[in-house]
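Assemble the complex: chain W is given as a structure, and chain E must be docked to it using the hints.
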Amino acid sequence: MQMTTTLRRLGVAHRLGVAIIVSAVLSAAPALADQEVEDYIQAILDEAEPFLDAPDQETQFDGIRQLVDKYVDMRRIGLFTLGKYARRITPEQKQEYLPLFKEYATGVYQDSLSTYAGEKLRVTTSIDRSERDIIVNSEIIDPEPGSQLATMVVHWRIYRSRDGDLTIMDVGADGIWLAIEQLEQFTSVIANNGGPPAGIDALIVDLKEQLAE
Amino acid sequence: MTIKIWTLAAFLALTAGAAHAQISDADEAAAFAEDLKNDGAADQGDANQDPWEGFNRKMFSVNNAIDGAVLVPAAKIYRATTHKKQRKGLRNLLANARMPGILINDLLQGEFKRASQTAGRFVVNTTIGFGGMGDPAERIGIPQHSEDFGQTLAVWGVSSGPYLFMPLLGPSTVRGGVGAIGDVALDPAVWIRTDAASFARYSRAGATGLALREPLIEPLQDIKDNSLDYYASIRSFYTQSRKREIANGRTNYDDLPDIGDFEEFDELE
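Residue numbers (our numbering), protein chains in the order written: chain W, 43 to 255; chain E, 2 to 270.
It should be emphasised that the hints constitute simulated quantities derived from the structure, not laboratory data.
There could be a bad hint or two in this list.
[Unchecked claim] For lysine-lysine, the following DSSO-like pairs were computed, each having C-alpha atoms within a straight-line distance of at most 30 Å:
no., chain 1, residue 1, chain 2, residue 2
1, E, Lys86, E, Lys225
2, W, Lys162, E, Lys59
3, W, Lys136, E, Lys225
4, W, Lys162, W, Lys112
5, W, Lys136, W, Lys112
6, W, Lys112, W, Lys250
7, W, Lys162, W, Lys144
8, E, Lys225, E, Lys114
9, E, Lys225, W, Lys144
10, E, Lys85, W, Lys112
11, E, Lys85, W, Lys250
12, E, Lys89, W, Lys162
13, W, Lys250, W, Lys144
14, W, Lys250, E, Lys89
15, W, Lys162, E, Lys225
16, E, Lys225, W, Lys126
17, W, Lys136, W, Lys126
18, E, Lys89, E, Lys114
19, W, Lys136, E, Lys77
20, E, Lys89, E, Lys77
21, E, Lys59, W, Lys126
22, E, Lys85, E, Lys225
[Stated by the list, open to error] Covered by chain W, according to a simulated footprint, are these stretches of chain E (three or more residues, beta-carbon under 8 Å):
no., stretch
23, 224-234
24, 241-248
25, 252-258
[Claimed, not checked] Beyond 12 Å from chain W on every Cβ pair, some chain E residues (computed):
no., residue
26, Ala66
27, Ala70
28, Leu108
29, Gln110
30, Phe113
31, Val124
32, Trp157
33, Met167
34, Ala198
35, Arg202
36, Pro216
37, Gly261
Even glycine gets a Cβ: it sits at the ideal position worked out from N, Cα and C.
One chain only, chain W, in its complex shape (with noise of 0.2 Å):
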């Protein structure tokens, strides 16, 4: 009697099971964890935990910066954040046009990513939107209860190229993207002086007065 008992609660226990994996493969499909990306972000967030911890912020940036330059592939996101005018900028806008980006963008990540000096982040999860396009999680250690920072989760989006090298290609916090902002301001810019290539001029301006400031 009892036997039968457990083996049903057994059954339903792996009933359930099946459920529940069932539905997680059928609603979340790419919600697999990528560990090898995951142990890439966690060396990067490992290798800037000393220049967060600088208590000036001309070690920070200048850590970041490095970071940046090793990690980020700003020439993708530079064509990324020009969304549908990508294809149309013409070899000499473009020339011109990636290094100022390379320099706007390296500013904006300085100055996202050192309101967690004297922070440590640590990788919570990782979801593969597609073989090459992955997001990681992160999250600070040990936050000062109450502060704003305590819940807010850090993603990276990673592209993993056909050669299999990783580069990081975007950065959140709390489903707010750093180079989704930039592109809908990149195309608004592009778009409201006329449309390329004399919008794609507009914008490079733009960049050129923004940098001079």
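Frame of chain W; chain E shown alone:
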């Protein structure tokens, strides 16, 4: 003092009290997928979602004129004349006064667990939190979240409609605007028709404005300084954070714009 762009994200979450939640089990993942199906691509923050851009940009500049001339100076005075703890107390008080409206929206959305949290917060903070000045509910682990009628409409499947920017009310959508009217009607204080109640209502509106604007002085200035197109930046921050809020704190990764395969460009060069 450099204030960082992301503090805005924190404050959007803070002022709205967006709950921090992640997909922890399959049921939740399914519910999440359901939530987002209602919203889907309609909420993409692309230019097509802003057919009223001309009007919105005008309203945006009207807003910024009022903001620079009145709100920011008032918020600075408010900051200079109050202590951090007092401001926190006021924010708590105002947040607590919003709980009945949030509770109604929780229920309308069928989010019963969140409804019980809202009711619990209201009771705890109104009693041992001295009418809402303190937030003991947070300490005993009842998380705060925000709901409004615009979000309820979203959950019901009403699509967002065009992006809409209104002076003083800030970024929204047509759905959000209709929702805001709904929230006024859902607010019990609106239906008390005495002079004292009106006075209280206007004071509360003024206090809410100051309490919301004060912590945003630096983050908004920072975004303005870092933007090529301030209007487009705010629109993007709004649409991105709103999407997450409607999904009740669960982040969706499916509808991000694709990275794009730029290798073919390399081959051309």
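Do the hints match the structure? See the list:
1. For the hint pairing E/Lys86 with E/Lys225, the CA-to-CA distance comes to about 28 Å; that is within 30 Å, so the pair holds.
2. About 43 Å separates the Cα atoms of W/Lys162 and E/Lys59, which puts this hinted pair outside 30 Å; it is violated.
3. This hinted pair checks out: W/Lys136 and E/Lys225 have alpha carbons roughly 26 Å apart, not beyond 30 Å.
4. A hinted pair counts as satisfied when its Cα atoms are at most 30 Å apart, and W/Lys162 with W/Lys112 qualifies at roughly 20 Å.
5. Distance hint between W/Lys136 and W/Lys112 is fulfilled; the C-alpha atoms sit about 21 Å from each other, no more than 30 Å.
6. The suggested pairing of W/Lys112 with W/Lys250 holds, with an alpha-carbon distance near 24 Å, which does not exceed 30 Å.
7. Between W/Lys162 and W/Lys144, the direct Cα distance comes to roughly 26 Å. Compliance with the 30 Å bound is thereby established for this hinted pair.
8. At most 30 Å may separate the alpha-carbon atoms for a hinted pair to count; E/Lys225 and E/Lys114 exceed this at roughly 39 Å.
9. Distance restraint check for E/Lys225 and W/Lys144: the Cα-Cα separation of roughly 19 Å lies within the 30 Å cut-off, and the hinted pair is therefore satisfied.
10. Of the supplied pair hints, the one linking E/Lys85 and W/Lys112 is violated, its CA atoms being roughly 41 Å apart against a limit of 30 Å.
11. A threshold of 30 Å between alpha carbons decides the hint, and for E/Lys85 with W/Lys250 the separation of about 39 Å lies outside it, so the pair is violated.
12. Restraint check for E/Lys89 and W/Lys162: the C-alpha separation of about 27 Å stays at or below 30 Å, so the hint holds.
13. For the hint pairing W/Lys250 with W/Lys144, the CA-to-CA distance comes to about 12 Å; that is within 30 Å, so the pair holds.
14. Between W/Lys250 and E/Lys89 the alpha-carbon distance is near 41 Å, which puts this suggested pair outside the 30 Å criterion.
15. With a CA separation close to 29 Å, the supplied pair W/Lys162 and E/Lys225 stays within the 30 Å bound.
16. At most 30 Å may separate the alpha-carbon atoms for a hinted pair to count; E/Lys225 and W/Lys126 meet this at roughly 25 Å.
17. Pair hint W/Lys136 plus W/Lys126 holds up; C-alpha atoms about 14 Å apart against a cutoff of 30 Å.
18. Note on E/Lys89 and E/Lys114: the hinted pairing holds, with a Cα-Cα distance of about 27 Å set against a maximum of 30 Å.
19. A C-alpha spacing of about 43 Å is found between W/Lys136 and E/Lys77, which places the hinted pair above 30 Å, so the restraint is violated.
20. Of the supplied pair hints, the one linking E/Lys89 and E/Lys77 holds, its CA atoms being roughly 15 Å apart against a limit of 30 Å.
21. Distance check on the hinted pair: E/Lys59 and W/Lys126 sit about 26 Å apart at the alpha-carbon level, within 30 Å; holds.
22. Taken as a hint, the E/Lys85 and E/Lys225 pair is honoured in the structure, with Cα atoms around 25 Å apart against an allowance of 30 Å.
23. For the stretch 224-234 of chain E, the stated coverage by chain W is satisfied: 8 residues place a CB nearer than 8 Å to a CB of that chain, which reaches the threshold of 3.
24. Closer than 8 Å: that is the beta-carbon criterion, and the stretch 241-248 of chain E has 4 residues meeting it against chain W, so the requirement of 3 holds.
25. Coverage of the stretch 252-258 of chain E by chain W holds. Counting CB-CB distances below 8 Å, 6 residues qualify, and the rule asks for three or more.
26. Every CB of chain W is more than 12 Å from the CB of E/Ala66 (nearest about 20 Å), matching its label as outside the interface.
27. E/Ala70, annotated as away from the interface, keeps every beta carbon of chain W farther than 12 Å; the closest lies near 23 Å.
28. Under the 12 Å C-beta cut-off, the non-interface status given to E/Leu108 relative to chain W holds; the minimum distance is some 25 Å.
29. Consistency note on E/Gln110: stated as away from chain W, and its beta-carbon is indeed over 12 Å from all of that chain's, at 19 Å minimum.
30. Every beta carbon of chain W lies more than 12 Å from that of E/Phe113, the smallest distance being close to 21 Å; the non-interface claim holds.
31. Non-interface status of E/Val124 relative to chain W is upheld: no Cβ of that chain comes within 12 Å, the nearest being about 21 Å off.
32. For E/Trp157, the shortest C-beta to C-beta distance to chain W comes to about 21 Å, beyond the 12 Å cut-off, and the non-interface label holds.
33. Even its closest Cβ contact with chain W, about 19 Å, leaves E/Met167 beyond 12 Å, as expected for a residue assigned away from the interface.
34. A cut-off of 12 Å between C-beta atoms confirms that E/Ala198 is not in contact with chain W; the least separation is 34 Å.
35. Every C-beta of chain W lies more than 12 Å from that of E/Arg202, the closest at about 30 Å, which supports listing it as non-interface.
36. A beta-carbon of chain W is positioned within 12 Å of the beta-carbon of E/Pro216; the least distance is around 9 Å.
37. In this structure E/Gly261 is not separated from chain W by more than 12 Å, as the shortest Cβ-Cβ distance comes to only about 6 Å.
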